[in-house]
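Going down the list, the protein sequences come from chains A and B. Take the first sequence: its letters are residues 1 to 315, numbered as in this note's numbering. Take the second sequence: its letters are residues 316 to 614, numbered as in this note's numbering.
The hints are simulated quantities; they were obtained by calculation from the structure and are not laboratory data. It cannot be assumed that every hint is accurate.
[What the hints assert, rightly or not] Each computed SDA-like pair below joins lysine to any residue, with the alpha-carbon atoms no more than 25 Å apart:
| id | chain 1 | residue 1 | chain 2 | residue 2 |
| --- | --- | --- | --- | --- |
| 1 | A | K38 | B | Y456 |
| 2 | A | K111 | B | P556 |
| 3 | A | K21 | B | A467 |
| 4 | A | K21 | B | V364 |
| 5 | A | K21 | B | P556 |
| 6 | A | K111 | B | L526 |
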Amino acid sequence: METKAKANSAERRQFIFDTAKMACGVGMLGLGLGLYGKQARALPPQAIRPPGAAAEADFLAACIRCGLCVRDCPYDILSLATPEQPVATGTPYFTARSKPCEMCENIPCVKACPTDALDHGLTDINKAKMGLAVVVDHETCLNFLGLRCDVCYRVCPLIDKAITLEVQHNERTGRHAMFLPTVHSDQCTGCGKCEASCVLQTAAIKVYPVKLAKGELGGHYRLGWEEQRKAGRSLVEDRDIIDLPDRMPEGMKLEGHSDPGSQANAKRVAPTPSAGVDSLQSALPHPGRNAAPAGIPQNISGRSPGKRMSDEAAR
Amino acid sequence: MMASMPADSAGGEALLAKGWWGAHRWLVLRRFSQGTILAMFLAGPWFGVWIVKGNLNYSLTLDLLPLTDPLVLLQLLATGHMPERNALLGVCIALLLYLLIGGRTFCAWVCPLNVLTDIAGGLRRRLGIKGSAHISRRARYWMLAMTLVLAAATGSIAWELVNPVSMLHRGLIFGMGAGWMVVLAVFLFDLLVMSRGWCGHLCPVGAVYSLAGRWSLLRVAAAGRAACNNCMDCFAVCPEPQVIRLPLKGAKLGAGPAILSPNCTHCARCIDVCSKDVFAFGMRFNNSAAAGPATVAPE
Numbered sequence: 001m002e003t004k005a006k007a008n009s010a011e012r013r014q015f016i017f018d019t020a021k022m023a024c025g026v027g028m029l030g031l032g033l034g035l036y037g038k039q040a041r042a043l044p045p046q047a048i049r050p051p052g053a054a055a056e057a058d059f060l061a062a063c064i065r066c067g068l069c070v071r072d073c074p075y076d077i078l079s080l081a082t083p084e085q086p087v088a089t090g091t092p093y094f095t096a097r098s099k100p101c102e103m104c105e106n107i108p109c110v111k112a113c114p115t116d117a118l119d120h121g122l123t124d125i126n127k128a129k130m131g132l133a134v135v136v137d138h139e140t141c142l143n144f145l146g147l148r149c150d151v152c153y154r155v156c157p158l159i160d161k162a163i164t165l166e167v168q169h170n171e172r173t174g175r176h177a178m179f180l181p182t183v184h185s186d187q188c189t190g191c192g193k194c195e196a197s198c199v200l201q202t203a204a205i206k207v208y209p210v211k212l213a214k215g216e217l218g219g220h221y222r223l224g225w226e227e228q229r230k231a232g233r234s235l236v237e238d239r240d241i242i243d244l245p246d247r248m249p250e251g252m253k254l255e256g257h258s259d260p261g262s263q264a265n266a267k268r269v270a271p272t273p274s275a276g277v278d279s280l281q282s283a284l285p286h287p288g289r290n291a292a293p294a295g296i297p298q299n300i301s302g303r304s305p306g307k308r309m310s311d312e313a314a315r
Numbered sequence: 316m317m318a319s320m321p322a323d324s325a326g327g328e329a330l331l332a333k334g335w336w337g338a339h340r341w342l343v344l345r346r347f348s349q350g351t352i353l354a355m356f357l358a359g360p361w362f363g364v365w366i367v368k369g370n371l372n373y374s375l376t377l378d379l380l381p382l383t384d385p386l387v388l389l390q391l392l393a394t395g396h397m398p399e400r401n402a403l404l405g406v407c408i409a410l411l412l413y414l415l416i417g418g419r420t421f422c423a424w425v426c427p428l429n430v431l432t433d434i435a436g437g438l439r440r441r442l443g444i445k446g447s448a449h450i451s452r453r454a455r456y457w458m459l460a461m462t463l464v465l466a467a468a469t470g471s472i473a474w475e476l477v478n479p480v481s482m483l484h485r486g487l488i489f490g491m492g493a494g495w496m497v498v499l500a501v502f503l504f505d506l507l508v509m510s511r512g513w514c515g516h517l518c519p520v521g522a523v524y525s526l527a528g529r530w531s532l533l534r535v536a537a538a539g540r541a542a543c544n545n546c547m548d549c550f551a552v553c554p555e556p557q558v559i560r561l562p563l564k565g566a567k568l569g570a571g572p573a574i575l576s577p578n579c580t581h582c583a584r585c586i587d588v589c590s591k592d593v594f595a596f597g598m599r600f601n602n603s604a605a606a607g608p609a610t611v612a613p614e
């Protein structure tokens, strides 16, 4: 009886040790793989995912590396990453510079995807967001040099929407215009045609994952003019606003420039302007003047601005 | 095609008794099956004849039949992503199929890595490489759990970064890259470090198929076990020898002759190498302890 109990206890100990050994070994393997997987998530910027792919983390959760998108791409653009590449093994990608997306209207790659890693909700290829083209180098882009290359603009499947040419004065020659290729992120699909066809040795326009290419306003930011449009009126209340004087280069006068702060100051610092100027000033709107707390404008105009103010007022 | 493998030293008796074809029939059929399935995948990219698209993770046959690997789908679900209908349909079809013919039939009849680990196992035997690291054969279930935990924890199908099975198959079809190094590592591991190490101890893909085939209809059975002459050739060639013992030798213990262990890969090499034709394919239900023709019931 006792020997049996002893044997049982030895068996139990052995079982616990074996289990611990197994858990430890497999756990270490899992840890290593997990850390490797963490790195493998950092998609290099030149690898562009097919249309409809979610953000990289979500894409790696959904893609089962079957390669059906690769197979159904009629232009053979996609390939599956091999282990030595910096893209997660077995996942599909393309390189815009060598073979950009041809933007098939029926999007066969998305249709082929069995797991929705390529979003089947994407039915209009023009709504795809594979990446975002960025004119990365203003120093070598021929159009920025004042030449008329325009190739990226011409090849863009959404010409005049995703890429426009913005006309600017050419300061170098003094009498020409520059036609600056300008990408509009709300339209660009990231197909990569522009990067593929850029005539430079190394493309000056490149497609990057949207996350890399775009800035983002802080969540608390509000653009005044948009809020005004939404509300139908200015949200800035006119009362109790301290208007500080605008500093202008000496002798400069801008037509129609409203600067109630300076004018309010001018009244205080130089109280005896000519009647003509005075009447002009009272004709301008002075939203801040009446309500401004008495002490503050004096403090600000305490030093040198006094002279400028009087000069301005004298004009 | 792979039948040019040297004859197993273990099958010498069978070779004399049944001739070369008799002693290699199932092996040749198996290699033929593995080769044909691979060829169907390759016919598209090589010759433009599209029979099967995709790879073993997910494939679409004749633009009609979806098949999904259960492990990759389990990982997918573990990440919290819900796949499209075809992927789910594919896994149901695969599971049904393997419920009929035995889960690990995939390993022996479909998986391309099996060819290499079989060669490693055979070489190991022929070269007399002794000494093998010891890990429990249950380790594969731990590996399986690890892949799922990892998928859930990292939110990505992390096992696919290194899975040698899909790496080899995908590599052959879509381009190997450095994947051959992983495959070579598995081969050398099996050859030098652990006998039947990968397929028999560690592979989580096989572990899922073991579970999937737990109640499968088709089984290998030691139906003629009364004729066994204890040559042990079946044990020598079996990639999962532990599964044979009871069905072959357990008549006195009341064990039926069908090999019910889910780890049996249905490679049928035991059928080949047995000069007494003890083994045969059968149904799991033909498994009364007295089933063997010459077995005398102990009761």
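Here is how each hint holds up against the structure:
1. A:K38 / B:Y456: Between K38 of chain A and Y456 of chain B the Cα gap is close to 24 Å, so the pair holds against 25 Å.
2. A:K111 / B:P556: violated, 45 Å
3. A:K21 / B:A467: holds, 23 Å
4. A:K21 / B:V364: violated, 49 Å
5. A:K21 / B:P556: holds, 23 Å
6. A:K111 / B:L526: violated, 32 Å
Violated hints for the displayed structure, listed by number in ascending order: 2, 4 and 6.
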